[in-house]
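Input sequences plus hints: build the corresponding full structure.
Residue numbers for the sequence shown, in UniProt numbering: 1 to 223.
Hints were generated in silico from the structure; no laboratory data involved. One or more hints might be untrue.
[Claimed, not checked] Within a straight-line C-alpha distance of at most 30 Å, the following computed DSSO-like cross-link-like pairs (lysine-lysine) qualify: (1) K89 / K77; (2) K62 / K77; (3) K72 / K62; (4) K89 / K62; (5) K89 / K72.
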Amino acid sequence: MTSLAIMGLLPDTATVSGSITFEGQELIGLSDREHSHLRGNRMGMVFQEPLTALNPLMRIGKQIAGPLMIHKGASLKDALGSALELCTKVGLPDPDRVLRAYPHQLSGGQRQRIGLAIALACEPALLIADEPTTALDVTVQREVLNLINTLVDQEGSSLVFVTHDLPVVSIMTENIAVMQLGQIVENATVASLFHAPKHEYSQRLINAARVAEDAFSGTGGIK
1 MTSLAIMGLL PDTATVSGSI TFEGQELIGL SDREHSHLRG NRMGMVFQEP LTALNPLMRI
61 GKQIAGPLMI HKGASLKDAL GSALELCTKV GLPDPDRVLR AYPHQLSGGQ RQRIGLAIAL
121 ACEPALLIAD EPTTALDVTV QREVLNLINT LVDQEGSSLV FVTHDLPVVS IMTENIAVMQ
181 LGQIVENATV ASLFHAPKHE YSQRLINAAR VAEDAFSGTG GIK
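In structure tokens, the structure reads:
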């Protein structure tokens with residue numbers, strides 16, 4: 001819900017309170033039109049289920065090209081050229097074929113790479129990854145997580161990574177916000193949270209996860 005609130009994707013019936021500030025701008029209370037100038041441009045999001053996040057009736061090429069045409073004023077030809085480069089950047093083999101494909105013709109891992117390409121198309125300042133590997137098998141999970149880390153470093157984007165998987169948290173982030181019932185109950189660095197969690201809920205999470213000590217160090221990596 002927090003991620004959707006940041007992106008301005010909550011339904012009109014949702015009640016949103018508090019404050020969300022991005023690049024000095026208050027996001028709560030923005031109209032959908034105002035939010036649309038940020039969404040897909042200054043901020044991008046990778047969703048949990050890539051198949052439902054993509055348009056089943058549109059070829060992949062146009063879906064990647066869309067943000068570039070809307071926010072950067074690129075022509076379809078130029079945007080498709082950039083889409084081809086993005087497919088290569090996210091590690092998709094045979095990018096020409098991928099651009100012509102529909103979502104159902106690709107694997108789950110390929111679709112999630114497409115989602116990442118769309119989210120990063122306009123070089124956003126903020127990338128939100130909301131449980132991006134839950135629907136993927138373990139091997140593909142490792143590949144996608146490594147890819148997110150690599151591309152975030154290359155693009156210089158900030159990353160908000162939402163997950164219930166503490167071992168993944170320990171290698172994807174530097175700082176952690178623990179949420180319980182929609183409220184942040186603890187803010188800490190990776191090392192301090194895993195070595196000495198202060199809130200009772202955080203302590204229960206750490207105990208339940210039984211994460212190995214080398215993951216707690218915050219210096220581990222997915223091999």
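Against the structure, the hints:
1. K89 / K77: holds (19 Å)
2. K62 / K77: holds (10 Å)
3. K72 / K62: holds (15 Å)
4. K89 / K62: Roughly 17 Å separates the two Cα atoms, so the pair holds.
5. K89 / K72: Between K89 and K72 the Cα gap is close to 19 Å, so the pair holds against 30 Å.
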